[in-house]
Amino acid sequence: MNFLDSWLDWSPTLLNGLWLSIRITFVSLLLGLPLGMVLAVAATARRAWVRYLAIAFIELGRGAPAIVVLQLFYFGLPSTGLTLASMTAAVVALGLTTAAFTSEILRGGINAVPPGTLEASAALAVGPLDTLRYITLPQALRIALAPLLGFAILIFQATALCTTIAVPELLSQAYSIGSSTFQYLSVLILAGLMYAVITIPSGWLVTRAEARMSRHLRPAN
Amino acid sequence: MEHLNAVLSGIPMTLLVTAASFAIGATAAIPLTLLMMSPWRPGRLLARVFTDIIRGLPPVVWLFIIYFGVSIGGFQFDAVSAAIMGLGVVSAAYLAEIYRSGVLSLHEGQWEAAAAMGVGRLDTVARVVAPQAIRVAVPAATGYAISLLKDSAVASTIGVTGIAYMATQDARSNAGGLPVYLFAAALYVLLAVPVAVAARLAGNAMQRKVSR
Amino acid sequence: MSNEASSSARALASAADSVTSQGGDVMVRLDGVSKSFGNAPVFRDVSLEVKRGEVAAIIGPSGAGKSTLLRCVNALESCEAGRITVGDATISAGDGVTRSQLLALRRRAGMVFQHFNLFPHMTVLENVSFAQRRVLGRSRKAADERSRELLERVGLAERADYYPSRCSGGQQQRIAIARALATDPEVMLFDEPTSALDPEVGLEVLAVMRELADSGMTMMVVTHEMSFARDVSDQLMVMADGQIIERGDPHEVMTDPSQARTRKFLHAVLER
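Line by line, the protein sequences give chains A, B and C. Residue numbers for the first sequence follow this note's numbering, so the first one is 1 and each next one is one higher. Residue numbers for the second sequence follow this note's numbering, so the first one is 1 and each next one is one higher. Residue numbers for the third sequence follow this note's numbering, so the first one is 1 and each next one is one higher.
Please keep in mind that the hints were generated in silico from the structure rather than gathered at the bench. Fair warning: there could be bad hints in the mix.
What the hints assert, rightly or not - Computed footprint of chain B on chain A; a stretch qualifies when at least three of its residues, placed anywhere within it, have a C-beta under 8 Å from a C-beta of chain B:
(1) 21-29
(2) 128-139
(3) 161-167
As the list claims (entries may be wrong) - Across the chosen pairs, the derived CB separations fall in these ranges:
(4) R127/B x L149/A: 36 to 42 Å
(5) I53/B x F37/C: 50 to 56 Å
(6) L193/A x D78/B: 39 to 45 Å
(7) V201/C x W204/A: 52 to 58 Å
Cβ atoms here follow ideal geometry from the backbone N, Cα and C, with glycine treated the same way.
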């Protein structure tokens with residue numbers, strides 16, 4: 001069939017784009033998750049100004065559309081004298097978005113830690129820092145794992161928006177092939193399939209992780 | 001400043017696209033949910049595959065497919081229609097999942113009680129299940145409405161003149177720069193509040209209507 | 001075992017165990033302790049004493065404040081007024097409490113909770129070793145050795161490498177007892193330890209508690225288990241309406257209470 005031949009022709013270019021999308025996803029998560037953890041703890045800090053700053057950042061990061069944040073860093077920043085390369089702008093923008101969203105997921109995880117385990121730790125005379133490090137955070141991360149994976153899938157989908165800031169990722173490659181061959185539908189469907197091949201199995205992994213987590217943490221009683 | 005005015009002028013279109021997509025999605029999700037939960041196995045499979053594929057592609061890709069990909073003879077969708085269709089279909093897939101959670105959250109006993117009283121299946125769904133499922137689903141659906149508001153920004157990639165598009169236009173042609181984008185971002189954050197209120201009111205109205 | 005026989009066994013055990021103990025050492029003392037939740041008072045001006053090697057049981061209707069009172073002993077709940085002493089550590093509600101004072105108190109008291117509260121992300125062995133390593137500074141080897149000893153004592157040595165979720169409720173509670181004992185507390189506090197367990201399963205836990213009592217541990221137990229209260233405890237306290245309305249020898253209190261309120265409660269509990 002004719003379109004399969006075209007698909008074979010286009011695949012190398014598209015796969016390069018896909019690989020770039022995946023790399024952007026990883027770097028953004030790598031940058032964003034630790035920052036998200038810091039924000040999660042900061043959002044419950046005792047000092048008011050720390051709390052307000054963290055919450056303001058989180059609300060802005062979650063409320064602003066990713067595409068606006070991407071363009072802010074690429075097109076908007078130069079007006080202040082600082083110019084970022086498109087890849088840099090992409091990972092900074094998606095990294096900050098990741099931080100804002102994951103801080104809420106982690107905060108939810110922290111809140112879901114059974115308070116009885118914290119009481120037990122207190123009764124054992126374990127100090128607050130040790131309790132945070134050995135009791136709270138390990139449980140919080142296990143609880144938050146599935147939603148975090150779900151979010152990682154969303155960030156991967158968001159890399160498609162990097163087209164607008166001249167990053168040669170998957171969608172961008174598909175579009176340029178389309179504009180030169182005018183076979184938009186065919187190449188976009190192929191690109192769509194490539195996205196689906198990553199997101200759909202990942203989604204099943206998330207569902208299984210969720211099921212396993214609820215089984216493991218539920219007491220046998 | 002003219003910069004800010006330019007960005008503000010995008011509000012009506014943003015709200016239009018959001019509202020229209022949500023309306024389509026909320027409606028189309030109903031048959032989709034019914035199919036997902038029907039006793040007919042092939043139907044369930046079909047619904048599952050359909051939903052997975054729709055949610056598996058980034059919304060912007062769907063918009064590109066509909067806008068650039070569809071050209072039947074000389075006909076092509078205009079940007080706004082393509083955006084509303086694309087976001088509407090994506091919304092249907094996500095809202096179907098939300099409705100399904102709402103239905104699943106009901107206690108098993110509801111179904112059993114209705115069956116024990118001899119209430120037919122369709123009636124059970126309409127009179128017993130739906131009202132309660134809606135009540136559970138409203139908060140999640142409201143949350144989705146807000147994320148849809150943000151997603152509507154991707155329509156700017158195909159030329160829909162919402163807030164994001166106006167901000168980019170202004171930044172690139174008038175060198176508005178950073179403040180323009182910050183303003184646009186803040187605008188989305190602020191708009192989320194009335195959108196959330198509207199969605200909650202709509203949900204409550206629907207609840208009242210269904211619960212008589 | 002009759003009450004006299006068991007108390008002399010206890011006296012022997014505690015004399016053998018501790019060099020400096022005398023039969024009359026007070027291990028836990030509450031002096032004029034008061035607690036409110038917001039505007040609602042839970043208890044006012046409560047005082048009590050538990051001697052070394054003694055088992056004190058606290059019974060009474062729900063909502064009387066028994067658990068809250070127990071949780072004040074290791075400062076899991078804070079009190080508005082009064083003094084709390086465990087061993088040689090004291091905190092005074094009026095003077096403000098520092099973190100080191102809190103920790104000193106909690107090191108001397110071990111607690112067993114109604115819902116066990118084991119750490120689900122750690123194995124049974126890790127659960128018992130955790131505080132030994134972080135609080136007492138024991139090495140992993142020393143801590144694990146002691147943990148296995150204690151698990152052996154509660155009859156669960158073979159569960160050491162399991163996760164709590166794979167253990168039954170009764171097993172989890174016995175592990176919780178081992179965990180509380182691991183840091184060598186001077187007093188053990190039990191907050192309705194069998195209330196979340198089936199009656200049959202509760203027996204295994206009560207057996208461990210009896211053994212602990214026989215070995216001379218000072219214990220304070222909030223419980224609904226009347227036979228345990230009658231047969232194992234040395235001092236029975238009845239708490240109702242925010243006060244300890246009656247206290248004394250368990251047999252005397254339960255067969256011939258002096259307060260009408262006690263009579264009413266015992267009637268409801270014993271003659272169902």
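Hint-by-hint comparison with the structure:
no., hint, verdict
1, 21-29, "violated (count 0)"
2, 128-139, "violated (count 0)"
3, 161-167, "holds (count 3)"
4, R127/B x L149/A: 36 to 42 Å, "39 Å, holds"
5, I53/B x F37/C: 50 to 56 Å, "54 Å, holds"
6, L193/A x D78/B: 39 to 45 Å, "27 Å, violated"
7, V201/C x W204/A: 52 to 58 Å, "38 Å, violated"
Comparing the model with each numbered hint stated earlier shows that hints 1, 2, 6 and 7 do not hold.
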